[in-house]
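Colleague: Each chain is listed here by its residues.
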Amino acid sequence: MKDKMTIILFSGELDKALAAFTLATAAAAGNMDVTIFFTFWGLNLLKKPGLGMKKSALLMQKMLGFVNRGLPLSRLNMLGLGPWMMKKLIKKTGAPSLEDLMKLARQLGVKYIACSTSCGIMGISREGLVDEVDEIAGAATYLEAAGKSKVNLFI
Amino acid sequence: MKDKMTIILFSGELDKALAAFTLATAAAAGNMDVTIFFTFWGLNLLKKPGLGMKKSALLMQKMLGFVNRGLPLSRLNMLGLGPWMMKKLIKKTGAPSLEDLMKLARQLGVKYIACSTSCGIMGISREGLVDEVDEIAGAATYLEAAGKSKVNLFI
Amino acid sequence: MKDKMTIILFSGELDKALAAFTLATAAAAGNMDVTIFFTFWGLNLLKKPGLGMKKSALLMQKMLGFVNRGLPLSRLNMLGLGPWMMKKLIKKTGAPSLEDLMKLARQLGVKYIACSTSCGIMGISREGLVDEVDEIAGAATYLEAAGKSKVNLFI
Chain A
1 MKDKMTIILF SGELDKALAA FTLATAAAAG NMDVTIFFTF WGLNLLKKPG LGMKKSALLM
61 QKMLGFVNRG LPLSRLNMLG LGPWMMKKLI KKTGAPSLED LMKLARQLGV KYIACSTSCG
121 IMGISREGLV DEVDEIAGAA TYLEAAGKSK VNLFI
Chain B
1 MKDKMTIILF SGELDKALAA FTLATAAAAG NMDVTIFFTF WGLNLLKKPG LGMKKSALLM
61 QKMLGFVNRG LPLSRLNMLG LGPWMMKKLI KKTGAPSLED LMKLARQLGV KYIACSTSCG
121 IMGISREGLV DEVDEIAGAA TYLEAAGKSK VNLFI
Chain C
1 MKDKMTIILF SGELDKALAA FTLATAAAAG NMDVTIFFTF WGLNLLKKPG LGMKKSALLM
61 QKMLGFVNRG LPLSRLNMLG LGPWMMKKLI KKTGAPSLED LMKLARQLGV KYIACSTSCG
121 IMGISREGLV DEVDEIAGAA TYLEAAGKSK VNLFI
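Residue numbers (the working numbering), protein chains in the order written: chain A, 1 to 155; chain B, 1 to 155; chain C, 1 to 155.
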C-alpha cells in the first residue's frame, strides 16, 4: 500500500501555491498517493476564467468574487509587481511554472477535492470550477484522507 | 483508543479561525480527541472583552493589546469590509458562524491550551482569557499531544 | 530510535520564525530529531548580511533580494514598529530572542536544509547562506524526512 500525503490548500497566493504543488508533484512522482483539499482562497486555483458563480449567487457573493481574483504573493506583493517578477524569474531560471506543476500533478494522479462549505459561502458552483476537480466535499472527507496520511500540511 | 488531532492556531484571522474550528468540530464529531494550542495572534480567540492584560502589564504590552483587537481576514481585509462581508455571507448561506463553531467545539470536548510563552510576551493574564481555557502551557505540552496525534496542523 | 519532527519554514516573518524555533528547540531538548526545511521567504533566516547573491545573479534577482530583507510581522507590522515592539517585549519579559533560539537550535543538533528550487529562483548562492546550513536540497529530500516524522508542520 502506498504512503499518502494530504495538503489543505487554504491560501490563494502564488508563492504558497507553488510550494503546495512542488511538494504534491514530488510526492506523487515518488509513488505517494496525494490529495489536495482546496478551501477558502485556495479555491481560486480551481476557478474557471470568469467569476464561476452560481446563477442564483447573492450580490455580495458576486462582489467578493470580483475582488477575489488573481494570485498575489504572501509577501512583497507590491501591487502586483511581486507576482510579475516571480513569474519572470521562474521562467528565466528554468523552474517549472505553476501551470506546469498543476498539469503535472494531474498526470501523476494527484486528487483534487474542493471544500463544499467554502463553495457554499462564496457562491461557487460546480460549473464554475475546472473539470479536474474530483469531488466537492466537506471536512469529514478531508479527515478521512488525513487520518491515513503520513504527511499532513496546512498551506 | 481514540485517534487524535492537534492544531496550533497561530493566526488571529477570521478566515483561518473558521478553518481551524470547522476541522476541529468535524474531527470531534467523528470521535477524535482534539486539542487546539493557541499561540501568538491565535490567543485573540480566547481573550475576554477588554484588553485582558495583567495589572502589572508594561505600557508597550498595553499598546500592543490595544492595536491587536478584532479578527481581520488573511486576504481582502479591505479595512474591515472583508470580515463584515464574510460574516454576512455566512449568515445568509446558513453556514455556522465562528461563535457557533467555538460553542460546538466545547460541547464536543475540544481541549484548549493557551501558549504560556506568548501570554508572557504579550502580558496576558489567566483572568484575561475566557473560562474555557483548560491549561496554560508551553511547547513541551504541545509536543506531547502532537506526538500522539494522527493529524497535526499549523494554522 | 528517536522520534522525528520536520518543519517547513516558508515564511520570512519574525513571529512565525519565533514559533518555528520555539517548537524546534523544545522538541530537540526533548530528545527528538528535528529538521527544518527553509524555503522561499524562510531562506531570509539563513542569509548572511548583504544580499547573498550569486555573482551571476540576474538584475531582477538582485532587485528582489534588495526589497526582501528583514523580518516583518505577519500581522500589525505597522511599517516596522510591530517587529521593533516585539523584540523589545521579548527582551523585557526575559523570553529568548530569535537569535538565542537559533543558536540553541544548532547546539541541540537541529538540522538545516535550504530549498534548492527557491535558491535557484531567487539567485541565492551557497556562499550567501550561513555556514550552519547542512544541505541544499529539494522536495524529495524533504519528503524523505517528513515520511519518517511523527510531527510535520508547514509554517
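There may be inaccurate statements among the hints.
If several chains are the same, the list does not tell them apart, and a pair holds so long as it fits within one copy or across any two.
[What the hints assert, rightly or not] In the DSS-like style, the derived pairs of lysine-lysine whose C-alpha atoms are separated by at most 30 Å in a straight line are:
id, residue 1, residue 2
1, K91, K48
2, K92, K4
3, K148, K62
4, K91, K54
5, K55, K91
What the hints contain is simulated information worked out from the structure, not anything from laboratory work.
Colleague: When Cα atoms must be at most 30 Å apart, do K91 and K54 count as within-copy, between-copy, both, or neither?
Modeller: The answer is between: 18 Å across copies meets 30 Å, while 36 Å in one copy does not.
Colleague: What label fits K148 with K62 when the C-alpha limit is 30 Å: within, between, both, or neither?
Modeller: neither (37 Å within a copy, 43 Å between copies)
Colleague: Is the C-alpha distance from K55 to K91 at most 30 Å within one copy, between copies, in both cases, or in neither?
Modeller: between (38 Å within a copy, 19 Å between copies)
Colleague: Since the copies are identical, ignore which copy is meant and state whether K92 and K4 lie within 30 Å (CA to CA) inside a copy, between copies, both or neither.
Modeller: Classified as neither; 33 Å inside a copy, 37 Å across copies.
Colleague: Are the CA atoms of K91 and K48 at most 30 Å apart within a copy, between copies, both, or neither?
Modeller: Both. Shortest intra-copy (24 Å) and inter-copy (26 Å) distances satisfy the 30 Å Cα cut-off.
Of the numbered hints given earlier, the model fails hints 2 and 3; all others are met.
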